[in-house]
Amino acid sequence: MVKAVVGANWGDEGKGKITDMMAADADIIVRFQGGANAGHTIVNNYGKFALHTLPSGVFYNHTTSIIGNGVALNIPVLMKEIKSIEEKGVPAPHILVSDRAQIVMPYHILFDQYEEERLGKASFGSTKSGIAPFYSDKYAKVGYQVQELFDDELLKEKVQRTCDQKNVLLEHLYHKPLINPDELLNTLHEYRDMIAPYVCDTSAYLWNALKENKTILLEGQLGTLKDPDHGIYPMVTSSSTLAAYGCVGAGIPAQELKQVVTVCKAYSSAVGAGAFVSEIFGDEADELRRRGGDGGEFGATTGRPRRMGWFDCVASKYGCRMQGTTDVAFTVVDVLGYLDEIPVCVGYEIDGEVTTDFPVTSKLEKAKPVLKTLPGWKCDIRGIKKYEDLPENCRNYIEFIEKEIGFPITMVSNGPGRDDIIYR
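Converting from the sequence shown to our numbering requires adding 3 to each position, the first position being numbered 1.
Calculated directly from the structure, the hints in this document are not laboratory data.
All C-beta atoms, glycine included, are put in the ideal place defined by N, C-alpha and C.
Hints are not guaranteed to be accurate.
[Unchecked claim] The following label-pair restraints were derived from C-beta to C-beta distances:
#1 Met-197 - Asp-422: 29 to 37 Å
#2 Asp-360 - Asp-196: 51 to 59 Å
#3 Leu-157 - Gly-327: 34 to 42 Å
#4 Asp-196 - His-97: 42 to 50 Å
#5 Ala-95 - Gly-285: 46 to 54 Å
All chains, full assembly: derive it from the sequences and hints.
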């Protein structure tokens, strides 16, 4: 059986925790898109971790972790990450890397930085991890697949072609140092030696696992609103963040996907630029940011303070619909315990008309939030294990949002730990 864990909104919904929790009953966890540009924060009995490439199921002895063909693979970052978790006492994880995954090259990271610098005020708020240049090359068919590292003749010739093309841009557009083909070839040989022990045909491995009725968990990065087709374009990421793409990015048949757990936060947060209708500012935002998450709302990769807002029913309803949601996991509900009353965005006012349908970016920029205020519960709900033991106002808040978005909230997370979860 195949299940997916994906985000409903801008990312940062708490997917890492939900994947880590669901991985207890899974055999295989697959990262199917994105790169090391976003992190998943996980708190378990080994400590607190921010994972960037490794799937969030690496902490179990019984699981296999797969880096799928859809991932932007930064080989040195992956190696460093494996080493860093082993240094904290985590048993060596069983990791497989798709031979069709493509490699983030050192120059992708440079081009990302140079382009943001060149755009100045018009920049995208990139994490400068090389993601947009990487996917540009992938779709322009000049990227490097892992399997190409093992063909010396091809590699030599390709490196020369790469330098011819990239150096024109470096010289004339960015006025930066050129790439040396010999150095690049050496780097790729180093990458080959690092990654060799992990490489295999992961789609064949997954196909056999499906025949053996194994449970496969697909782990998405970011959320619906960062999808290049269906998100707040152009302030999006460069790979599809939707569960439907999970089958493509892992190399498994679409009809095998049976459960889509879409993670929603009990309030909103976003890293990076782009339209964010329910955003709040000043002291109100600072207070929520300070109390939020585990140790505050700061990006797991960048450490940037996240932009804060109230729960957005319009964006979340759309986000869940595009994911094909079967279950909603509602996270960080415990954070809201300090508020006397809690505003919720239930509609967008655009040009004098109120809509509950999520619009295209040009209309989104003009949208004003329509807020409804619900009474808070004014207490700490951590440690509660049964839904009926939650304060009445807390249950009312959850049920109000469930009705507004139209998808069943089957899990409520009330703390950062693996066991801080209430099943409904």
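Each hint, compared with the structure:
no.: 1; hint: Met-197 - Asp-422: 29 to 37 Å; verdict: holds, 36 Å
no.: 2; hint: Asp-360 - Asp-196: 51 to 59 Å; verdict: holds, 52 Å
no.: 3; hint: Leu-157 - Gly-327: 34 to 42 Å; verdict: holds, 39 Å
no.: 4; hint: Asp-196 - His-97: 42 to 50 Å; verdict: violated, 20 Å
no.: 5; hint: Ala-95 - Gly-285: 46 to 54 Å; verdict: holds, 47 Å
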